[in-house]
Amino acid sequence: MSERFHEVAVTVNGEDVRERVDARKTLVDFLREELALTGSHVGCEQGVCGACSVRVDGVVVRGCLMLAVQCDGARVDTIEGVADSGEIADLQQAFIARNALQCGYCTPGMLLTAQELLARGGVPSRKQIRAHLSGNYCRCTGYQAIVDAVEAVAKTRAEAKR
Amino acid sequence: MKPAPFAYAKARSVAAAIELLASNDARLLAGGQSLIATLNMRLSQPALLVDINGIAGLDRIALTNAHIEIGTLVRYAQAERSPEIARAAPLIALALPHIGHTAIRNRGTLGGSLAFADPAAELPACMIALGAEIEIVGPQGQRAVKADEFFKDLFETALTARDVLTAIRVPVASGATRVGFAEFARRHGDYAMVGLAACAQADGTRLNDLRLAYFGVGATPVRARKAEAALAEGDVEAGVSALAGDLDPPDDVQASGAVKTHLAGVLLRRVARQLGRAAS
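Read top to bottom, the protein sequences are chains A and B. Quick note, the first sequence lines up with residues 1 to 162 if you use this note's numbering. Quick note, the second sequence lines up with residues 1001 to 1280 if you use this note's numbering.
Some clues are possibly wrong.
With a straight-line Cα cutoff of 25 Å, these simulated SDA-like cross-link-like pairs (lysine to any residue) come out [to be verified]: (1) K25/A to S1023/B; (2) K1002/B to V42/A; (3) K1002/B to K155/A; (4) K1002/B to G43/A; (5) K1002/B to S85/A; (6) K1002/B to Y137/A; (7) K127/A to N1053/B; (8) K127/A to Q1274/B; (9) K155/A to N99/A; (10) K25/A to R1027/B; (11) K25/A to N1053/B; (12) K127/A to R1081/B; (13) K1002/B to R18/A; (14) K1002/B to H6/A; (15) K127/A to P1083/B; (16) K1002/B to K127/A; (17) K25/A to A1047/B; (18) K127/A to F1184/B; (19) K1002/B to V56/A; (20) K127/A to R1273/B; (21) K1002/B to E33/A; (22) K1002/B to N99/A; (23) K1002/B to L37/A; (24) K25/A to A1093/B; (25) K1002/B to E3/A; (26) K127/A to Q1078/B.
To be clear, the hints were calculated from the coordinates, so they are not data collected in a lab.
Required output: the full structure, derived from the provided sequences and hints.
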């Protein structure tokens, strides 16, 4: 039981995956290297930058601060899955429309984290948006356009609900 | 960087975890939000990780008349949503939004923060301010350690290598309980340069049993006892002056000790205002 290699069964973007993993492999490295899901990026590897953000059992976590071996039995959603399902199509469009990305390195993590806030419903204040995204670094945009995009989507979604 | 190789075992019970910890150079893995970062940087290279995330019952929040008991695996995000914590432990509720960022709070655990005992972390200071008790299970059985005696030195606690921190026990806040919390951080959610957690029982204009616990100013949270005495009498500025005798923060990469002492005074004024208000 106390071994280095373990068999894990994970549902990744709705697909069942069975792999033998080295205990030291982080979730984000597992997704990128074993499953070729390279939309999740590796930035700081110490939980600071947010580029590796993925969803595990419905909540956004740092892909570099969780081990793949811990995900046995879990449901993992990456930017590929969330983009393909159409869940964040409006958010992606808003990012494009408002120039909320340049190099795109932070964008997958930014989108997943923003979607977590948006999924709570209502229209968060700009301060709340900034607080929610505070763990995701963007070195290109200065954040203004990102907050604009998230705010715009919150308003459109709230409008559509009425 | 990538972690050095290690073995991994998922414990199904506290007893099983303690058993696994008997093997050489084993570390407990809870939320992992500090531990896995240190593994990635190879600042720690354990031979075995004992994962306690699968142990049932360690994520409970239980309320009795006198205490609120928070299981070690309660995650920050779960605690933020808990009406019991908001009502019975308002100081913890005030501190939680300052801890890390949303993704960190989704995963990090209250017990993990105390066991890791980062000197700039919010929760250890809250435990001191609240007079909390830490519940520990080890090879010899169960024991409770007062927060005042739990934090020993830099990253050192009353936990031995084979102990599991299982729960935190905090006295339930009453109508007279006043709490305050404030910190300075470069970016919201980062570790604080200086922070202050405070708790008292209001009696007219007096503050009884006032506890001011500073963090980010030493190896462990630091009680500011001289400032407590002054503030209990309602003299905020005497309290600010007294901090020079209470705190001796070392210089670090973020600020000099003198700057930290100054900031501690600024925080004291803010927290004093919070302590003057009844909880709404």
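To see whether the hints hold, each was checked on the structure:
{"no.": "1", "hint": "K25/A to S1023/B", "verdict": "22 Å, holds"}
{"no.": "2", "hint": "K1002/B to V42/A", "verdict": "11 Å, holds"}
{"no.": "3", "hint": "K1002/B to K155/A", "verdict": "42 Å, violated"}
{"no.": "4", "hint": "K1002/B to G43/A", "verdict": "12 Å, holds"}
{"no.": "5", "hint": "K1002/B to S85/A", "verdict": "32 Å, violated"}
{"no.": "6", "hint": "K1002/B to Y137/A", "verdict": "21 Å, holds"}
{"no.": "7", "hint": "K127/A to N1053/B", "verdict": "33 Å, violated"}
{"no.": "8", "hint": "K127/A to Q1274/B", "verdict": "22 Å, holds"}
{"no.": "9", "hint": "K155/A to N99/A", "verdict": "18 Å, holds"}
{"no.": "10", "hint": "K25/A to R1027/B", "verdict": "17 Å, holds"}
{"no.": "11", "hint": "K25/A to N1053/B", "verdict": "18 Å, holds"}
{"no.": "12", "hint": "K127/A to R1081/B", "verdict": "20 Å, holds"}
{"no.": "13", "hint": "K1002/B to R18/A", "verdict": "23 Å, holds"}
{"no.": "14", "hint": "K1002/B to H6/A", "verdict": "18 Å, holds"}
{"no.": "15", "hint": "K127/A to P1083/B", "verdict": "24 Å, holds"}
{"no.": "16", "hint": "K1002/B to K127/A", "verdict": "35 Å, violated"}
{"no.": "17", "hint": "K25/A to A1047/B", "verdict": "15 Å, holds"}
{"no.": "18", "hint": "K127/A to F1184/B", "verdict": "17 Å, holds"}
{"no.": "19", "hint": "K1002/B to V56/A", "verdict": "21 Å, holds"}
{"no.": "20", "hint": "K127/A to R1273/B", "verdict": "23 Å, holds"}
{"no.": "21", "hint": "K1002/B to E33/A", "verdict": "13 Å, holds"}
{"no.": "22", "hint": "K1002/B to N99/A", "verdict": "34 Å, violated"}
{"no.": "23", "hint": "K1002/B to L37/A", "verdict": "19 Å, holds"}
{"no.": "24", "hint": "K25/A to A1093/B", "verdict": "34 Å, violated"}
{"no.": "25", "hint": "K1002/B to E3/A", "verdict": "18 Å, holds"}
{"no.": "26", "hint": "K127/A to Q1078/B", "verdict": "22 Å, holds"}
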